[in-house]
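Protein sequence lines correspond, in order, to chains F and P. Just so you know, we're using the working numbering here: the first sequence kicks off at 26 and counts up by one. Just so you know, we're using the working numbering here: the second sequence kicks off at 26 and counts up by one.
Hints were generated in silico from the structure; no laboratory data involved. Among the hints, erroneous ones may be present.
A pair counts as met if it fits within one copy or between any two copies, since identical chains are not told apart.
[Claimed, not checked] No more than 20 Å apart at the CA atoms, straight line, and that leaves these computed lysine to aspartate or glutamate pairs for EDC-like: (1) K207 x E156; (2) K83 x D202; (3) K103 x D175; (4) K163 x D47; (5) K207 x D96.
There are 2 protein chains.
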Amino acid sequence: MDEVKVIEIKKSVFESNEKDADNLRKELKDKGIFLLNLMSSPGSGKTTTLIRTINLLKDKLRIAVMEADIDSDVDAIKIKDATGIQSIQLHTGGMCHLDAEMTRQGLDALELEGVDLAILENVGNLICPAEFDTGNSKNAMILSVPEGEDKPLKYPLMFSICDVVLINKMDVMPYFDFNLEKCTEYVHMRNPKAKVIPICAKTGEGVDKFAQWLLDEIENWK
Amino acid sequence: MDEVKVIEIKKSVFESNEKDADNLRKELKDKGIFLLNLMSSPGSGKTTTLIRTINLLKDKLRIAVMEADIDSDVDAIKIKDATGIQSIQLHTGGMCHLDAEMTRQGLDALELEGVDLAILENVGNLICPAEFDTGNSKNAMILSVPEGEDKPLKYPLMFSICDVVLINKMDVMPYFDFNLEKCTEYVHMRNPKAKVIPICAKTGEGVDKFAQWLLDEIENWK
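Work out the full structure, taking the sequences as your base and the hints as a guide.
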């Protein structure tokens, strides 16, 4: 396994995250870098989904990934080994989310020359990351079948801020009580505009639809 | 479905949660109430596990449950309907954890006369709840098979503070890459004293071992 760069993220000192996030978004726009913020519970399949997505897009876009975790560097290594793209690990030092300034610390550690798409895999948490704008262009989240269809009822903010919701682990649907139609209805209760895409990151099923969504969003954003 | 009491929890104003938690622990000890704090990711099976456990113990102990969630009251209703015991819903108003003072607000809303065991089902989150002592007697957590065996590497604090770790959804083990031996090893890396109990809340398998663990802990604590 390859070694990866590990960045110890410092707590932000900025007073207004909203303002800082807007500044970062503007800077990235000027540089032509689309920033995707990917969120989910622990173990929903963020890293596996990213590997599939990157392998579908890496010939069309230059991509760089920041993997945030409290500890360990297993995810950044997995991404680097499976896709060959630039991947770094951000250690949050126990913090439960990333804000714009913390995201900037990650971006500063990347080689951004020529990069079209930067992806932030946020800390595994359905609550706090939803409260902090990272300066991203779009928010994506993954809800996996084993977690249950009722999550949009219990974690309203997360679902209300996401532009796309991937329903992962569709392959194990027969072993769980999960009603996809009801789940989609709950997501749209929180955010009528959210796009819902069922996928199976393990087999790759449906990931092409997410990759196409991403390409379309980048095209519209330009 | 029954109606349940829903408590809107206010943010704590106390400066020292540690001190407040110790005070609450002492007060509960004086009243003979053992407080169990149950934590996990969203969708790991906290409520289903509690229903099974309560139904095994309700003839031996008088039990009351507080179900914390950002929104919805589905869990408190589920507990009340399935066990008949006293169950209330705590709304955290977007907050990602409960501390001792917030737990006290929940306890104040319960009828505690004669109660031996109070259970707090904390907010679904592997990070923030681990940072705040709720004044509990013991900490329990659930890691479910679909989340993956590597979680103790990524969420060190949660695993280091838990007295018992339940590995749930053992019935779906054949459909996931999950090595129970390796997971147990990772848990013990974080906390050599943690008891690891594999269970399946859906079928009830192994829940008797958790119920017995709880009875033994209450006996030792008296």
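To see whether the hints hold, each was checked on the structure:
no., hint, in the structure
1, K207 x E156, "neither (25 Å within a copy, 34 Å between copies)"
2, K83 x D202, "neither (36 Å within a copy, 27 Å between copies)"
3, K103 x D175, "between (31 Å within a copy, 13 Å between copies)"
4, K163 x D47, "within (13 Å within a copy, 44 Å between copies)"
5, K207 x D96, "between (35 Å within a copy, 18 Å between copies)"
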